[in-house]
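Residues per chain, in single letters:
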Amino acid sequence: MKKFIGALLGASALCATASVALAEKLTIATVNNGDMIRMQGLTADFTAKNPGIELQWVTLEENVLRQKVTTDIATKGGQFDVLTIGTYEVPIWAGKGWLNELNGLDDVEDILPAIRAGLSLDGKVYAAPFYGESSMIMYRKDLMEKAGLTMPDGPNWEFVRKAAKAMTDKSNEVYGICLRGKAGWGENMAFLTATSNAFGARWFDMDWNPEFDGPEWKETLTFYVDMMNESGPPGASSNGFNENLALFNTGKCGMWIDATVAASFVTNPKDSSVHDKVGFALAPDAGKGKRSNWLWAWSLAIPSGTKKNDAAQKFVSWATSKAYLELVASKEGWANVPPGTRISLYKNQKYLDAAPFAQMTLDSINAADPVNGTVKPKPYVGVQFAAIPEFQGLATKIGQIFSAALAGSKSVDDALAEAQAVAVRTMKKAGYIK
Amino acid sequence: MARHITTQRKILVTGGAWLAAFIIFFPVLWMFLTSFKTELDAFSQPPSFLFFDWTLENYETVLERSNYFRFALNSIWLALGSTALGLLIAVPAAWGMAFSPTKRTRGTLLWMLSTKMMPPVGVLIPIYLIFRDWGLLDTRFGLICILFLMNLPIIIWMLYTYFKDIPTDILEAARMDGATLGKEILYVLTPMAIPGITSTVLLNIILSWNEAFWTLNLTTIDAAPLTAFIASYSSPEGLFWAKLSAASTMAIAPIIVLGWFSQKQLVRGLTFGAVK
Amino acid sequence: MATKQTKTLATFMVAPSVTMLFLWMIVPLGMTIYFSLLRYNLLDPGNEAFVGLENYSYFLSDPDFFTALFNTLILVGSVLVITVVGGVLLAILLDQPFFGQGVARLMVIAPFFVMPTVSALIWKNLLMNPVSGFFAFLSKTFGMEPIDWLGDLPLFSIIILVAWQWLPFATLILLTAVGSLDGERKEAAEMDGAGPLSLFYYIILPHLARAITVVILIETIFLLSVFAEIFVTTGGGPGLATTNIAFLVYSQALLQFDIGGASAGGIVAVILANIVAIFLVRMVGKNLDT
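Protein chains in written order, with this note's numbering: chain H, 1 to 434; chain L, 1001 to 1276; chain A, 2001 to 2290.
Simulated from the structure, these hints should not be mistaken for lab results. Be a bit skeptical, because a hint or two may be false.
[Unchecked claim] 25 Å max Cα-Cα, derived DSS-like pairs, lysine-lysine:
#1 Lys1183(L) x Lys2186(A)
#2 Lys429(H) x Lys96(H)
#3 Lys434(H) x Lys96(H)
#4 Lys1010(L) x Lys2140(A)
#5 Lys1164(L) x Lys2007(A)
#6 Lys165(H) x Lys96(H)
#7 Lys49(H) x Lys218(H)
#8 Lys2186(A) x Lys1164(L)
#9 Lys146(H) x Lys162(H)
#10 Lys170(H) x Lys2186(A)
#11 Lys1103(L) x Lys2007(A)
[What the hints assert, rightly or not] Computed footprint of chain A on chain L; a stretch qualifies when at least three of its residues, placed anywhere within it, have a C-beta under 8 Å from a C-beta of chain A:
#12 1029-1038
#13 1141-1153
[What the hints assert, rightly or not] Just a few of them, taken from the derived set where beta-carbon distance is under 7 Å, the chain H residues facing chain A:
#14 Gln67
#15 Lys182
#16 Ala183
#17 Ser237
#18 Lys252
#19 Lys347
#20 Asn348
#21 Pro377
#22 Gln392
#23 Gln400
#24 Ser409
Predicted model, so just to flag it, every value in this text is computed and none were measured. Using N, Cα and C, we set each Cβ at its ideal position, and we do this for glycine too.
Required output: the full structure, derived from the provided sequences and hints.
Take a look at the structure:
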């Protein structure tokens, strides 16, 4: 027995050295979201189809990953061959020439146009969407009924506020509306920026002058703070996605407006105590022609510093192909395929049957427009962000200020004045305005 | 050692100490319990203490998803490597400064501490560039060096403090008896310094174990320790509470075991001191 | 007592650590000073330009700077007080013989084993959450309104969280120091009829002086750069309530990738830390030589 194991070990060691000599090792940096974890589990399918390529996964939480990947690509550290980045990074990095153009993607025309627009520069595709998301309303049908209201498919903010008030029952810890309040450019500012689009606001005018002193932002922030004070949960100023998800899943929220990916969590009987009572609706508008939903796509891109471009291209094509969707469906069921990237998926009856939130996700994504998402024209790309390098830091600072307004330690007027001052300062330092 | 302790007092102290220990330990205990709950139970209110459906599902998922042992092994390497290197350099330094102080000793000590004052994030880019050029990115050796240098001032300080506590007249007595320097260190100094050295080692291992800035930013795969393992379970989008608790429990398990052993060592060291 | 020979030997033994630390300090510091004089955004390579002290003037004239400085001092000061007082009391308590001493000691030290990010998540979600947290459950059990910890008492919450992490460190060091106190001396004092208070004040406290000094100095260094706990729980908010200098530098370096600005911030932080250290040494430094 021992000999046998020894022989086996020897043989496998030989194989290992042999394959190391031949195989190209791709290092793939990815975020730890459920869909990527599933992709990691399907590594074997890729390596079977592409002998000679080995995959090494670096799976990290999104903020840590972003830091690492940005440091690496900007200093040309060359540690990664495939990157997982968002719609925020792609236009900036592609503009710097840090990403290789993707060729050989599976059926580019099938990728949802709104997503494709966010990942292209001058007509060339620099990143392939792995999954896409927008935001929408998730609400409790039973509470809505109890309040004597019906949710339209595309409500406006006034209705949401009225419904939130009617659903709130603070003595029983039911709060009509749960929204993000924790400071951060991807936390409360993603939500508030998307919301402000409906109220006609924008970050900068066409000459890059910040517009936080305008009436649109005032209306946005006043509305948000007032509604949360009326019908929001306590501690809202430190709630992010996870905190709200926990509240919603334990039956404490009437409505929650957040990422479409949450739909699969709140309808999962294992995680949610309200899984059979959830309805979906488009993010609200305010009668100005734009809705408050964002657009984000976690996408795969290849840094221009890689020495393994061909293998990396193969991998990106595999992971974002239609065949990959079918592979996931065959192993884990249609409800678990990465959503929001391909037109064909939303024509697939099997998918529509398995995922009750599919249509609403698609409508939400289609309603978002990274280029013309605001009522007035804007000089930047992005729905819930402005794709300029300064945005992350600036929005985080402003996010802190707005979260103070929500906590009540600052008035809305003071908060906006401060936000304006900070924005002007940052834009001056970066040389956009004099 | 013959302190007269009444049973009454002992019971009183026992009660007080356990109460304090329980309060301080509670968050860790809570995390441990949560790791056996389902994601839904983890958030239910009122919380369930012991009577929930215990499940090992979280641990299974975590073990299935990531190569825990590779991460753990790296953590052990980094912690032990940097501690060993640290002791090697710090013991002589602390010994020299404690028993043969000069006018500059205090200044040197303070200066050493001041090397720790730079916020790491401020020097990330310089260090990253150096690591890139020297091929140290994602190597255990590079990280051991960083952790060693980061903790060196702390080790020297703690050892210095403990060495200072050792009464010099004993050393002189030994010297009078004709003990050589080697013997002096081996037979006189070391036994008396053991409790101090033990807590220093323990502290240094913990600091290396928990260091989450450099270990995250300078590694990808080969040298990635448990901090990277944890970073793949905490997430701003996705409720993996119970799984995170399970991962955290696994991340601190090795060091708790170590703490348990060194705790015994510590106690023995202390009694040794009292017997002398 | 020290002969010339031992003096030389001592210098020889101290030299390696001094050399290494000197290099470790001077190389990154030199590069950081150099970067701090450049306009250098990581996301905009190739456009570096010498700008003199502009980065410093931006960092220091930032209206957030003084709030952050103030928050940093409050945070460091409060945590020091809590951990030192708590640590001394715990060390004395745990030094007494009692049943299950080993386990209880380990339990007290345990929080130190938990990584900062994880303990921040535990406190934020499982304990302090005003709707589903354990503290809310306690409040409700006693018929009180749950407290919105991170919203209404943000800095206080962070202080509690950080103090919880560092109390074990203080206890560990002080426990070792209490243990080395001569039992006979304590006994002699007790025989002389010294009450527990005067025993504490005249025998134990002086004996602990140096250990306390070390705890204060080492903790100060770590507390000045507390970051993960803030990032995970409040993101520096609401407003600037929990923004400290480390968080400010972080947002320059890893959110704006403004390396020039972050380097300037880093240098300012070093200078501030040194001022704090000098101040501390004035206050407690005499304990080091005894």
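The hints, checked one at a time:
1. Lys1183(L) x Lys2186(A): Given that 25 Å is the threshold and the Cα spacing comes to 31 Å, the pair is violated.
2. Lys429(H) x Lys96(H): 20 Å, holds
3. Lys434(H) x Lys96(H): 24 Å, holds
4. Lys1010(L) x Lys2140(A): 35 Å, violated
5. Lys1164(L) x Lys2007(A): 16 Å, holds
6. Lys165(H) x Lys96(H): Cα-Cα ~48 Å, so violated.
7. Lys49(H) x Lys218(H): 56 Å, violated
8. Lys2186(A) x Lys1164(L): Satisfied, since the Cα-Cα distance of roughly 20 Å is no more than 25 Å.
9. Lys146(H) x Lys162(H): Between Lys146(H) and Lys162(H) the Cα gap is close to 14 Å, so the pair holds against 25 Å.
10. Lys170(H) x Lys2186(A): Violated, at about 58 Å.
11. Lys1103(L) x Lys2007(A): 12 Å, holds
12. 1029-1038: Since 3 is at least three, the answer is holds.
13. 1141-1153: holds (count 3)
14. Gln67: Hint on Gln67(H): holds, closest Cβ of chain A at ~5 Å, below 7 Å.
15. Lys182: Nearest chain A Cβ about 5 Å off; hint holds.
16. Ala183: 4 Å, holds
17. Ser237: 5 Å, holds
18. Lys252: With a minimum Cβ separation of about 6 Å from chain A (threshold 7 Å), the hint on Lys252(H) holds.
19. Lys347: Nearest chain A Cβ about 39 Å off; hint violated.
20. Asn348: 37 Å, violated
21. Pro377: Result: violated, 25 Å to nearest chain A Cβ.
22. Gln392: For Gln392(H), the interface hint holds, since the closest Cβ of chain A sits about 4 Å away, which is under 7 Å.
23. Gln400: 4 Å, holds
24. Ser409: 6 Å, holds
In summary, the structure is inconsistent with hints 1, 4, 6, 7, 10, 19, 20 and 21 from the numbered list given earlier, while agreeing with the others.
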